[in-house]
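Chains as they are written, first to last, in my numbering: chain A, 33 to 157; chain B, 12 to 669.
In short, the hints are calculated from the structure, not lab data. Just so you know, not all the hints are guaranteed correct.
Listed next, the stretches of chain B that the computed footprint assigns to chain A, with coverage defined by at least 3 CB atoms under 8 Å from CB atoms of chain A [to be verified]: (1) 437-448; (2) 454-460.
Among chain B residues calculated to face chain A with C-beta under 10 Å, some are [as the list claims (entries may be wrong)]: (3) 465; (4) 468; (5) 487.
Each residue gets a CB set at the ideal place from its N, CA and C atoms; glycine is no exception.
If you want the building blocks of each chain, they are given just below.
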Amino acid sequence: MTARIVVIDDNPDNLKLIELLLKARGHTPLLAGNGTDGILLAVAERPDMILLDIRMPDMDGYQVAAALKGEPSLSRVPIIAVTASAMVGDRERITAAGFHGYIQKPIDPETFTAQVDELLAQHDL
Amino acid sequence: MGTLCAKDRPHHATGVLWGLGERDLLSSRGSPPGVEVVGEALNPLARGRPTAELLLASLLEQSSDGISLTDRVSGRLLEVSDAFCRLTGYARHELIGRTTLEIGLIEDLDSRARMLAWIEQGLEGPFEIPLCRKDGVTRQFELSIQTLAGGEFLSVISRDVTEHRETERELERRAELLNLAHDAVVVREPVENRITFWNREAEAVYGYSAEEATGRILQELLASAYPDSKAALDDALAQTGQWAGVIRHTRKDGRTIAVSSRQALQRDEQGGAIAIIELNSDITERIRAEDNFRGLLDSAPDAMVIVDEQGEIQFGNAQTSELFGYRREELLGQPVEMLMPVRYRAHHPHDRGEFFAAPRGRAMGDGRSLWGRRKDGSEFAIEISLSPLETQDGLMATAAIRDVTERKLFEQRLSDTNLQLERADRAKNIFFSSMSHELRTPLNAVLGFTGTLLMGLHGPLTEEQIPPLLTVQRTGKHLLSLINDLLDLARIESQQFELHPEPIDCRALLDEVVVGLQPLADTKGLALEAVPLTETTPLLCDRRSLNQILINLANNAIKFTERGSVRIELSQHDDGAQLATRFAVRDTGCGIAVEDQERLFAAFEQITTGEEQPFEGTGLGLYISQMLAELIGAEITLESVAGQGSTFGLELTGSAGR
Numbered sequence: 033m034t035a036r037i038v039v040i041d042d043n044p045d046n047l048k049l050i051e052l053l054l055k056a057r058g059h060t061p062l063l064a065g066n067g068t069d070g071i072l073l074a075v076a077e078r079p080d081m082i083l084l085d086i087r088m089p090d091m092d093g094y095q096v097a098a099a100l101k102g103e104p105s106l107s108r109v110p111i112i113a114v115t116a117s118a119m120v121g122d123r124e125r126i127t128a129a130g131f132h133g134y135i136q137k138p139i140d141p142e143t144f145t146a147q148v149d150e151l152l153a154q155h156d157l
Numbered sequence: 012m013g014t015l016c017a018k019d020r021p022h023h024a025t026g027v028l029w030g031l032g033e034r035d036l037l038s039s040r041g042s043p044p045g046v047e048v049v050g051e052a053l054n055p056l057a058r059g060r061p062t063a064e065l066l067l068a069s070l071l072e073q074s075s076d077g078i079s080l081t082d083r084v085s086g087r088l089l090e091v092s093d094a095f096c097r098l099t100g101y102a103r104h105e106l107i108g109r110t111t112l113e114i115g116l117i118e119d120l121d122s123r124a125r126m127l128a129w130i131e132q133g134l135e136g137p138f139e140i141p142l143c144r145k146d147g148v149t150r151q152f153e154l155s156i157q158t159l160a161g162g163e164f165l166s167v168i169s170r171d172v173t174e175h176r177e178t179e180r181e182l183e184r185r186a187e188l189l190n191l192a193h194d195a196v197v198v199r200e201p202v203e204n205r206i207t208f209w210n211r212e213a214e215a216v217y218g219y220s221a222e223e224a225t226g227r228i229l230q231e232l233l234a235s236a237y238p239d240s241k242a243a244l245d246d247a248l249a250q251t252g253q254w255a256g257v258i259r260h261t262r263k264d265g266r267t268i269a270v271s272s273r274q275a276l277q278r279d280e281q282g283g284a285i286a287i288i289e290l291n292s293d294i295t296e297r298i299r300a301e302d303n304f305r306g307l308l309d310s311a312p313d314a315m316v317i318v319d320e321q322g323e324i325q326f327g328n329a330q331t332s333e334l335f336g337y338r339r340e341e342l343l344g345q346p347v348e349m350l351m352p353v354r355y356r357a358h359h360p361h362d363r364g365e366f367f368a369a370p371r372g373r374a375m376g377d378g379r380s381l382w383g384r385r386k387d388g389s390e391f392a393i394e395i396s397l398s399p400l401e402t403q404d405g406l407m408a409t410a411a412i413r414d415v416t417e418r419k420l421f422e423q424r425l426s427d428t429n430l431q432l433e434r435a436d437r438a439k440n441i442f443f444s445s446m447s448h449e450l451r452t453p454l455n456a457v458l459g460f461t462g463t464l465l466m467g468l469h470g471p472l473t474e475e476q477i478p479p480l481l482t483v484q485r486t487g488k489h490l491l492s493l494i495n496d497l498l499d500l501a502r503i504e505s506q507q508f509e510l511h512p513e514p515i516d517c518r519a520l521l522d523e524v525v526v527g528l529q530p531l532a533d534t535k536g537l538a539l540e541a542v543p544l545t546e547t548t549p550l551l552c553d554r555r556s557l558n559q560i561l562i563n564l565a566n567n568a569i570k571f572t573e574r575g576s577v578r579i580e581l582s583q584h585d586d587g588a589q590l591a592t593r594f595a596v597r598d599t600g601c602g603i604a605v606e607d608q609e610r611l612f613a614a615f616e617q618i619t620t621g622e623e624q625p626f627e628g629t630g631l632g633l634y635i636s637q638m639l640a641e642l643i644g645a646e647i648t649l650e651s652v653a654g655q656g657s658t659f660g661l662e663l664t665g666s667a668g669r
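Construct the entire structure; sequences and hints are all you get.
Written out as C-alpha cells, the structure reads:
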C-alpha cells in the first residue's frame, strides 16, 4: 500500500533525500520548507502521515505539532519527528509533546522506508 | 599582740612602804606609832641632809604611785604617801598602825598567801594583786616590794593598773580578731619599719612566726620589691595616709610571693605618725591563674574580650589589640561599644541587657552581619560568638571576635564565580545541543545520498563507482560515531549525564547486546555468544550506561579479534544485602602487552601491533566506558597476554532491583 506523506523540513537537502526515498518506495511525498507552509499543506491535503523536523527557524517542530493537533480534520494523522536532536531527554520530550513516532537523523537510507512503513502499519494505514 | 602589752607595761619608779605581816602578828614586838617609825627610818637622811629629806618628801607627794612603809614583823603600816591614800580611798589615819588585813585592803586569802610567799622568797616583783578600796570596789594593783634596813621594813610601790589591764585585754581581744582575719595583718612603726604586730595569717603567708618577725625591719626580713620604690610608698602614705598595690616578697622558705597590700598610716592626736597597718593577701596563685588564663586566651586564634554587665572591658587578649589597634591598657575598663561602629553603639546596651538577663552561648556564623571598628575608625566584617562566664566579680560575657573580611570577600567571589559557572553551564548545555544537531544534519545528506546512490535510486552504477562510494559511506559512519562519542564524553565531563537507576534483567540486556553486534561479528566470521546464567537477579542500575559499556567492550573485542570467538559471561553473587554482578568479555584476539595496558584507558589511545593498519574507531570507547563505569559505581578490569586474547571485566556491587 502507498501513502500520502507531508514532509516538513527547513533543510532542502533533507527534503530532497526523503522525497527520493519515499518515491522509490511508491509513497507520495508532499514537501514543505517551513512550519507555516507545512500546516497549510497538511490542512489542505489531509495526508496519511506527517514527517516533521524539530529544529526549524520561525516555528519549531513542537509549535507545528501543537497547531496540527488543534486541527480536528487532522486528529487521526500520525505525526513523526525526524530529528538530529539526539541529546538525552530529547526523545522523552518529543514523546511527551504528543508525537506518534521518532526517527533519528542521520537517517539510514536502507532502512528509512521500512521504519516509515512500520509506523504507518502501527497507525492503521 | 602580747608583745605590745609587755612593752607598755608601767614600771615602778622607786621603793615604797607597805603594811603587811599577818603571819607575824602574834610575834609582834609591840609596834610603835608609824610616824615615829618612819621618822626613825628616815632619820639618817633627815638629820644629816635636810635638802635630801625635802627632796624625798617632795617625791613622795608628787608620785602618782602609792608608796607605803611597813614593819615587816608586825605587818603594820608605818607610813603611806598621799597617792596611796588616794588610790585606796582611805584617810591616812585609817591606815597607819594597822595591817592590810585589818584594813580590809586584801580580802581574799589566796592573794595574801601569794604575797607572803613573794616576801619570804625575797622577790621584788612587780606582782599583780587585787585590792579592795574603801568604797568596796576591787581594783587591780601592781606592786613592787623592797626590803629595807636588813629586812626590818618593807617598802611597797603600788599602782592601780585596772584600766591598763583592761586596755591590754581589749587589745588582746582585737589581736584575736585580727588573727581571725583573712588578711595578713602587719603593723610596723613608721620610722624604721620595725614590725610590731604580725597576725596568724601573716605567719602563714610569710612563713615567719610572730615571734620571729616582731622587732625586725619589714623590708629586710622579706626582701620586698615594691612596684615603684619604698620611697614612693612612704611618700604616698605621708601625703594621703594610704597606699594600695602589689608587692613581691620572699618568704622564709625562699619562695617569692606576690601580695596585694593595702596600707594605712595611723596618727596620734597631734598628727604624729604612730604606726602603719598593712592588710595583705597572697595573690600569687591568682596571678599565676590569671597569667595562665591570659596565656590561654592569647594563644586563641580569635580576639577574645571579656565584658562585665556594665559593658566595661575587663580583659582583651593580644589578638584583640592586634585586630582593633588598641593597646591592652587602652581597652581595660572602657565601654565595649568603643569597638563598634558608631551607628550600633546606641542599641548595644539593650542587646547586652538581653544577654545578661538570659545568658546563653551563641556560636559564630549564625548569619548575623556584624561590624567592628578599629582605633583608626576603619570598619571590618566580624563574626562573634558569645558565652557567659561566671567569675568572682560576677557574671561576665566572653566574646570571641573573628575578622571575616577575607572570608566575606571569598564568599562574594565564590558566589560570583558560581553565578558565572551557572551561566556557563547553561551556555554549554545549549552549545552541546546545537553541536549535536548541527554536526548530524550535514551527515544526514552525506550518508543519505551515498546510500541512495548505492541503492541505485539515481540510476545504475559502474563497477568502478561502487568502491569510492563505499569509502564515503564508511568514513561518514566513522565520523558519525566520532561525533556521538565526543558528545557523550563532553556531557559526562560537564556532569550533565543524568543517571536513571532501574531494575535491569541482565540476561535480557546481554541478549540485546549480542543481537545488536551479531552482524559485525558475522562479517568477520567470529563466533559471538552470551553465556548467561539460567537465573539472574535484577540489578538496580542506569540502563543506558550499562548498555553502552557492554556494547563498547564487546565491540572492541570483535574489532580486535581476527579469528576465534567473543564470549560474554555473566555471573552474580547475591548475599541478600548486596548483589555482586560481573560481566566478562573474553576474546581470542591479539591481546594487550602489560606495558600497553596502562594507557589503554586514556582518551584517543589505540594499541596497534605495528604491521597492521590502525584499527578503525575513535579511541574513545574504553575511555568513555571507564567514565560511565565510575558514574554507576562499577569497575572495569583487564586480564590480557599479548597475542593470547583479552578479558575485560565489568564488576558492579550494588543493590538488587527487587
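Has the segment 454-460 of chain B got at least three residues whose CB is nearer than 8 Å to a CB belonging to chain A?
Held - the segment 454-460 of chain B has 7 residues with a Cβ nearer than 8 Å to chain A, which meets the minimum of three.
- Query: Should the hint that residue 468 of chain B touches chain A count as held when the rule is a Cβ pair under 10 Å?
  - Reply: holds (5 Å)
| field | Status of the hint placing residue 487 of chain B at chain A (closest C-beta pair under 10 Å) | value | With a minimum Cβ separation of about 8 Å from chain A (threshold 10 Å), the hint on residue 487 of chain B holds.
Practice item. Test coverage of the segment 437-448 of chain B by chain A using CB-CB distances below 8 Å; three residues minimum. Key: Per the Cβ count (4), the hint holds.
Tell me if residue 465 of chain B is really an interface residue toward chain A, meaning its C-beta lies closer than 10 Å to one of theirs.
-> holds (8 Å)
No hint from the list above goes unmet by this structure.
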